[in-house]
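Residues per chain, in single letters:
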Amino acid sequence: MDELLGEFIAETLETLEALSGEVVAWESDPSDRDRLDAFFRFFHTVKGSCGFLNLPRFERLSHAAEDVLAAIREGSRTADEATITAVLAVMDRIGDLANALAQGAAPSDEAEDDILLAALASAAEAFPAGSVTADDITAKADDQSAAASSSSSAGRDRGPRTIRISLTLIDQLMNGVSDMVLARNELSRKLRDSSVAPDVEGSFERLSACVADMRDLVSRSRMQRVDRLFAAIPRMVRDLSQELGKKVELILEGGDVEMDREMIEMVVDPLTHIVRNALDHGIELPADRVAAGKAEIGKLKIAARQSGNQIVIEIRDNGRGIDTSALVAKAVRVGAIKENSLPGMTEADRINLIFHPGLSTAKQVSAISGRGVGMDVVRNNVERIGGVVSLESAFGRGTIIQLRVPMTLTIIPGLILRCGSDHFAIPRGNVIELVFENSSMVGIESIGGAQIVTIRGTRYSLIDLEDLVGHGSPDPLATSARTLMLVSSPNGKPYALRVDAVDNNEELVIRPASPQVMAAGIFAGMTLPDNGRPMLLLDPAGIAQVAELPHEMEDGSASLQAAADLVDEHAQTIQALHFVETTGQHRLIALDVVDRIEDIPADRFGTSTHEHFVRLNERLVRVANRFEPTSSLIKTLHLHAGDREICYVVRDVIDILDMPIRPELPLARDGICGVVSIQEQAFEVIDTHALFAATENQHTPANATGRGTCLVAGMAEDSWMRNILAPLLIQAGYEVCDAGASAAPEALGPYVVLCDVERADQKPDPSHKAPVIRLRAQPGQDGDSMESSVYRYDRPGLLAAIDDLLQGQAA
Amino acid sequence: MINQLFLFAHVADTAIAIPTDELEAVVHLGEIIPVARTASFVRGLAALRSRVLTVIDARARITGDLFALGTAPLAIVAEIEGHNYALLIDDVSDICAVEDGIVPLRGRVSDAWAPFARGMVLHDGTTHLALSIQDLIGLHPISAAA
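Protein chains in written order, with our numbering: chain Y, 1 to 811; chain G, 1 to 146.
Hints are supplied without guarantee of correctness; some may be wrong.
As the list claims (entries may be wrong) - Derived SDA-like pairs: lysine to any residue, alpha-carbon spacing no greater than 20 angstroms straight-line:
no., chain 1, residue 1, chain 2, residue 2
1, Y, Lys493, Y, Gly429
2, Y, Lys635, Y, Ile656
3, Y, Lys301, Y, Pro286
4, Y, Lys190, G, Gly30
5, Y, Lys190, G, Ile33
6, Y, Lys301, Y, Arg206
Stated by the list, open to error - One side only, chain Y facing chain G, incomplete, derived with CB under 7 angstroms:
no., residue
7, Ala520
8, Gly606
9, Ser608
I should point out that these hints are in silico values taken from the structure, not numbers from a laboratory. Just so you know, even glycine gets a beta-carbon here, dropped at the ideal spot from N, CA and C.
Using the sequences and the accompanying hints, generate a full structural model.
This is the structure we're talking about:
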């Protein structure tokens, strides 16, 4: 929270500084719409931010100023001198408060706010010579700033020391480091060509390591996890929903996606606005929800994911959606659209009216949102960073807003592929699978010009990258088989992309390509690998579009489909736990079988040759997978099915996802039942049946087929009998008794006596006529003895002999 | 008038002048990696140290003619709207200040040049067409009035 507060202050002061230049210009021309909007946005942003930072004074001031400016925007008020002065005084006060907050100084008297607000109000009532004159206000404000600056030397040096650096500087730093890497590579080539002394190479290695570290650090200075973006949301949702009397379940996903710091900063405001809108206008009151036949608790889901060249942040609520007819009516009323243009409007056009400045469907303006400023600010901010906002809504069922922002200067894992003499990169996250075209599970056919590839029974569209990049058809005489990449695209089904070869796997620093290059439509950015030859990053979605692949969702039905998604999201999916195997793979397991997740001390784990187990509350529970203990606490999943319990060791548990019931690629081997693709990521799904079946088999040894009692002679005195034989028999499923202790063995049902051939004291009483198995200590033939015997370590032979005798009795 | 610095060069055998505040450097480019599916005047990408430049062929942009490029072609480097460009030119003759700056056109320039000519610059007894890198890189369609 401190970090957020600090940022709010820094941001507010920065904006104030920028606006201070505009003040004079605005005063000279109060009708200047752009400046008016700039001031309006400032107050709106302050209001929005301080709402959840719990700064009521800021909120009161900014809300009042915003009201006045809104009135001016609507034309119901004129921006006379008194009004402007009052607004500016409020601005100064906000600056003073922010300064005081930053320095931990005591904020000025709150009562003085009232003077400012009164001035605003009196100006509003067109009494410029009201109780407080403009001069008064500025004088007050001057006092305040003087007081603030005098106290500014006080509370310095608190919190982690940070400075704000311009992004250009970081960019230059990044470029400098990249130059360094290239110079290093050149030097490395030259060193290779000319034989140098080993110590030179040593120094060079050290230099290389430093350069690599440097590069990491500089890249990191720009990257941040989306978590930071999400940090303020839970609190905000909680406060707002309480204030509004609504019940909301918030789901945040994808906090580990990394994003350019600048992008995060640019997205904070839009996201805040959208979340506020969703709570204020989207989610209904509990009673209304119940009346509409929905769950009482509304759902708000915010998910971030990387999609090729973009970061997609999706805000989904299952509230009341947007009433397009009300929106259109309002738009006509305020003159945003003309009535005669109505018939030509598509549903998408109607919904997009929400982005029109000055439109809002809320019946009442509230402190939370609803002045119609939100969505146009959102769009402005997002478009300024080259992003796109899209909105889908089903009236009565919910709204999905997607922010797509470029991931400029994002580092992504990429595959380097070759096509003719050119190399391209493709985001690894988009590649589901690589297969050779001559593989036995691949069939390629051509129907009416369309190329189709069948991989393990599923048909995909096939695109030749050569066709797209204009190399003409590949050389038919080329000997090596080419590679098919199964690529997922954000807006449809996966498709196969045919390339000459996949060469490499690298972390790539992606930079935006110039508009002339982006115009090609199939590139997402560019990168400069270490060899110094620029390389383009392919955009899987763009390729699908340029290749004119049939869309899975036709445009017209897209919003309907999305609306259906909102309702039926759970119908085709089950919940699955997303976890990381000890080997590092990301896999899913059906959530139903997971009883709980527990960190268990490593010393409770044990291993026998073929089995792993863990002690839990004095019980031994089987561990399903092998692992190398790496820390003192081992994260395990407790799986439960019927009366069986097993533990599954994992490295980490990530999240709970909705997983399609039917895997997209059914497999059935190695404990995996298939592969599903969720949000551009492919996961193997654990075959829980096989998992339990495997332990089931181990539980019942195959050799114990009969049931009965083994009377073991000499259990009391012979330690081999007691410690080695008896446990084996018990484990094999027999009852075991001491032959000496049991007077009437016939009462036990089928039974067999085991004794040592060598030991006279274990000789069974011949009068008993009991079935006896004699055990001998030596392998080899038993011919030299009068009676037949079994070698005592011949386990199958021994068990078979016991079975024989027991079944003989049962028959 | 202010003394304005111009770079004097030739494109398609025509003398041109470009205000130096628009450009960063004049360099010989290394390898140019062609980029598919782009306008013909976009010759590809080239690396200048760690920067990636989009290579624009000024001649192709103006006249529409594509000539084979020699080795290490000469280019003007400029950063426009956050992207780095290399503008291929035939040669550079001079950089110097011109007292009068850009003066209005005389005569009628051909259709190919008309959209780009912003006026004339007189230098060393010859007339140079004043061009803007902004126009040449083809980022925005040029308005007819330009």
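Verification of the supplied hints:
1. Y:Lys493 / Y:Gly429: holds (15 angstroms)
2. Y:Lys635 / Y:Ile656: It holds: about 16 angstroms lies between the C-alpha atoms, which stays within 20 angstroms.
3. Y:Lys301 / Y:Pro286: At roughly 18 angstroms apart (the allowed maximum being 20 angstroms), Y:Pro286 and Y:Lys301 satisfy the hint.
4. Y:Lys190 / G:Gly30: holds (18 angstroms)
5. Y:Lys190 / G:Ile33: Given that 20 angstroms is the threshold and the Cα spacing comes to 24 angstroms, the pair is violated.
6. Y:Lys301 / Y:Arg206: violated (47 angstroms)
7. Ala520: holds (4 angstroms)
8. Gly606: violated (55 angstroms)
9. Ser608: Because about 57 angstroms separates Y:Ser608 from the closest Cβ in chain G, which is outside the 7 angstroms limit, the hint is violated.
The structure fails hints 5, 6, 8 and 9 (numbered hints given earlier, in ascending order).
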